[in-house]
Amino acid sequence: MILIPVTYKGGIYRHDEVTDLIEDLGGYIVQKHVLAQEVVLQCFVPQDDVELIQEVSRPLMGEVTPSPLVGTEIAVVSMSLEIHHLPHPSCDIAEYVRRLGAKSNMVGLARGPGKRIATLNDEERDVINEHDVALFLLGNFETCIKKKFPVLRRGINVPIILVGGPDRETLETIIDPPVDGYVGNTGRFMHRTKESEEIAKLDEIVAEITRVLEKRRLEIAKDPLSVSPARLMDLIREKVPDILDVTSPTPLTVQMAGLRVKLPYDTYAADIRDLEIEDGVLVNDVARVLPSRMRDYILVRIKPFSETNIVV
Amino acid sequence: MDAVEYFEVECPEAQGGENYKRIMNVVLLDHNLIRVIRKIDVFINPEIPLFVAVGATGKIPSMVRVRDFANVNVQENKVTLAIADETYLAPLLKILWEKYGGDKVEQPDRFTVIIYTQNADMHEIEELPVKDPSESIYKDIIYALRCIAPEGFRVRREVFKDGKFYFAASEDTLPENIGTLIADRFRKIGEAMP
Chain V
1 MILIPVTYKG
11 GIYRHDEVTD
21 LIEDLGGYIV
31 QKHVLAQEVV
41 LQCFVPQDDV
51 ELIQEVSRPL
61 MGEVTPSPLV
71 GTEIAVVSMS
81 LEIHHLPHPS
91 CDIAEYVRRL
101 GAKSNMVGLA
111 RGPGKRIATL
121 NDEERDVINE
131 HDVALFLLGN
141 FETCIKKKFP
151 VLRRGINVPI
161 ILVGGPDRET
171 LETIIDPPVD
181 GYVGNTGRFM
191 HRTKESEEIA
201 KLDEIVAEIT
211 RVLEKRRLEI
221 AKDPLSVSPA
231 RLMDLIREKV
241 PDILDVTSPT
251 PLTVQMAGLR
261 VKLPYDTYAA
271 DIRDLEIEDG
281 VLVNDVARVL
291 PSRMRDYILV
301 RIKPFSETNI
311 VV
Chain A
1 MDAVEYFEVE
11 CPEAQGGENY
21 KRIMNVVLLD
31 HNLIRVIRKI
41 DVFINPEIPL
51 FVAVGATGKI
61 PSMVRVRDFA
71 NVNVQENKVT
81 LAIADETYLA
91 PLLKILWEKY
101 GGDKVEQPDR
111 FTVIIYTQNA
121 DMHEIEELPV
131 KDPSESIYKD
141 IIYALRCIAP
151 EGFRVRREVF
161 KDGKFYFAAS
171 EDTLPENIGT
181 LIADRFRKIG
191 EAMP
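Protein sequences, first through last, are from chains V and A.
Each residue of the first sequence is one higher than the one before, counting from 1 in the working numbering.
Each residue of the second sequence is one higher than the one before, counting from 1 in the working numbering.
FYI, nobody ran anything at the bench for these hints, they're computed from the structure.
Be aware that a few hints might be false.
[As the list claims (entries may be wrong)] In silico EDC-like pairs for lysine to aspartate or glutamate, Cα to Cα no more than 16 Å straight-line:
(1) A/Lys188 x A/Glu5
(2) V/Lys147 x A/Glu47
(3) V/Lys303 x V/Asp223
(4) V/Lys222 x V/Glu307
(5) V/Lys147 x A/Asp172
(6) V/Lys146 x A/Glu47
(7) A/Lys104 x A/Glu86
(8) V/Lys32 x V/Asp223
(9) V/Lys239 x V/Glu198
From just these sequences and the hints, can you work out the full model?
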C-alpha cells in the first residue's frame with residue numbers, strides 16, 4: 001500500500017466521519033488543526049482511496065489536496081536571529097512552508113553573519129542534520145556567498161537548498177561541489193512578501209523543496225523503511241499516553257525516515273524501544289532511538305529493510 | 001520619496017546594489033526618516049569588505065507642544081486635557097508631575113488628564129514643550145543605517161554633526177584611507193565633510 005501525503009480542509013461539522021474513514025482505510029493523521037469553524041488535517045492516505053475520501057467529503061464541503069511537504073521536517077537556517085533577517089525573509093519562508101504542511105524549524109546561527117567570521121558550531125550542525133532538508137538563507141552578495149558557504153556546509157549531510165540574492169545561474173557557478181537545490185533572487189530584504197511576484201518566489205522555493213524531497217523519496221523507495229514513520233507515530237500516541245500531555249504544537253513530528261518524539265530521552269527512551277509493533281517486532285528491532293540535540297527530545301531513526309530484513 | 005534630493009547606492013555587484021537600494025528605501029520609510037534625510041549616498045564593496053553611508057539631513061521636525069496633540073479646556077479650579085494622540089502622553093505626564101505635583105495631576109482614563117490648579121493660563125499650557133524630535137534623530141539615523149548595513153559589519157565609525165552624517169562599517173579593521181574615502185563620497189553629493 002502506497003501512502004501519499006494530502007491535506008484535508010473542511011468544516012468542523014461531521015469532520016469525525018472523515019477522520020474515521022482515513023483511519024479505517026489505513027491512513028494516518030499527522031497533524032490536526034481546528035481553527036474556529038474550520039478543520040485542517042494533514043495526513044497520509046492510501047493512493048487508491050483518495051477519490052473515496054473526496055467523495056465522502058464532498059457533501060461536507062471538504063477539500064482534499066495533495067501536499068508533498070506533509071510528513072517532512074525542514075530546517076530554515078538563518079544567518080542570525082537579528083533584525084536584518086527577521087521577520088523577513090526568514091519567518092516569511094518558514095511560515096509559508098509550514099502552511100503547506102511541512103514542519104519547519106528556524107535555526108539561527110550564533111556566528112553566521114559576516115564573510116570571513118562566519119562559522120557553524122557542532123550543535124548547530126547536529127541539529128540541522130536531524131532534519132529532512134536544510135534551507136540556507138544567504139544574503140545579496142555573490143562574493144560573500146562564495147566565501148562563507150563552504151564553511152557553513154561543512155559536516156551537513158542532509159540535502160541542502162541554497163537561497164540567495166544572486167540569480168540561480170550565478171549560484172550554480174559559484175558553489176562547488178554543487179548542492180541539491182538553488183533558488184536565486186531571494187536574498188536579504190526588509191519588507192513583507194505580499195505582492196504576487198514575491199509569493200511566486202515563495203512558491204518557487206516550495207517547488208524546489210518538493211523536487212529535492214521527491215528525489216530523496218525515490219532513494220528511500222529503493223531500500224524501503226522497515227516501518228512507516230506515520231505508523232510509529234500512531235503506535236507511540238496509543239501506547240505512551242504521556243505524549244498527549246505535551247503542549248508543543250507537534251508532540252510527534254513525522255520525518256521522511258524517522259520521528260521526533262518531544263519527551264525527555266532519559267525517562268522515555270527505554271519504554272519506546274520496548275514497544276511492540278506487531279508479532280513480537282519491537283521498535284528497537286527496526287529503529288534507532290537516539291537522544292536529539294534539540295532540547296532533551298528523542299529522535300527515532302528508522303532502519304531500512306536491507307539492515308533489518310523486516311517490514312512491518 | 002520626492003523629499004530626498006540624492007539617493008544612490010554604488011556597488012561593484014549590480015544586482016546586490018539594487019537589492020540594497022530597495023532595503024534602504026524600506027528601512028528609511030519604516031523609521032519615518034525619508035522626510036528627514038535630504039541626501040544619502042551609500043557605497044558597498046563586499047570584497048574589502050566595506051559599507052560607507054554619507055548624507056545630509058533636511059528640515060528636522062519642530063518641537064512637539066501640548067497643542068499639537070491635546071485639547072486644553074480651562075475651568076475655574078481645574079484644567080482638562082483631552083488627548084488626541086497618545087504617543088507623547090508619557091513625557092507629558094512627567095512634565096506635568098514636575099510642574100504641578102503628582103497629587104494635582106489626575107488621569108481618569110486613557111485620553112483625559114485633569115490638572116487641579118487655580119487660574120491657569122490656557123496659552124501657557126498649550127505652548128508647553130513636550131518633546132524635541134531632533135534629540136533622537138541622530139540615534140534613529142544610526143540605528144536605521146545599522147539595519148541597512150550588511151550583518152556582521154561590527155567595526156563601525158559613525159559621526160553626526162551640523163546636519164551631516166557618515167557611517168562606515170566593516171567586518172575587519174577599517175582601511176587606513178577611510179577618511180579620504182568618506183571625503184570623496186561627500187564631495188560626490190556636493191557637501192563638505194563634517
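Practice task
Take a quick look at whether lysine 104 of chain A and glutamate 86 of chain A sit within 16 Å of each other, Cα to Cα.
Solution key: Since the Cα atoms of lysine 104 of chain A and glutamate 86 of chain A sit roughly 20 Å apart, the hinted pair is violated (cutoff 16 Å).
Problem - 16 Å Cα cutoff - pair lysine 188 of chain A, glutamate 5 of chain A - result: Judged against 16 Å, a Cα distance of about 13 Å means the pair holds.
Exercise for the section: With a cut-off of 16 Å on the C-alpha distance, tell me whether lysine 32 of chain V and aspartate 223 of chain V pass. Expected result: Status violated; Cα separation ~30 Å.
Practice task
Could you grab the alpha-carbon distance between lysine 147 of chain V and aspartate 172 of chain A and see if it respects the 16 Å cut-off?
Solution key: Given that 16 Å is the threshold and the Cα spacing comes to 15 Å, the pair holds.
Problem - Given pair status - aspartate 223 of chain V, lysine 303 of chain V, alpha carbons within 16 Å - result: Roughly 10 Å separates the two Cα atoms, so the pair holds.
Practice task
Assess, step by step, whether the Cα of lysine 239 of chain V is no farther than 16 Å from the Cα of glutamate 198 of chain V, and give holds or violated.
Solution key: This hinted pair is violated, its Cα atoms lying about 45 Å apart.
Exercise for the section: Quickly compare the C-alpha distance for lysine 222 of chain V and glutamate 307 of chain V to 16 Å and report which way the hint goes. Expected result: holds, 13 Å
Handout entry: Given hint glutamate 47 of chain A paired with lysine 146 of chain V - CA-CA distance at most 16 Å
Key = Given that 16 Å is the threshold and the Cα spacing comes to 11 Å, the pair holds.
Handout entry: Restraint status (C-alpha distance of lysine 147 of chain V to glutamate 47 of chain A at most 16 Å)
Key = holds, 10 Å
Of the hints listed earlier, those the structure fails to meet are numbers 7, 8, 9, in rising order.
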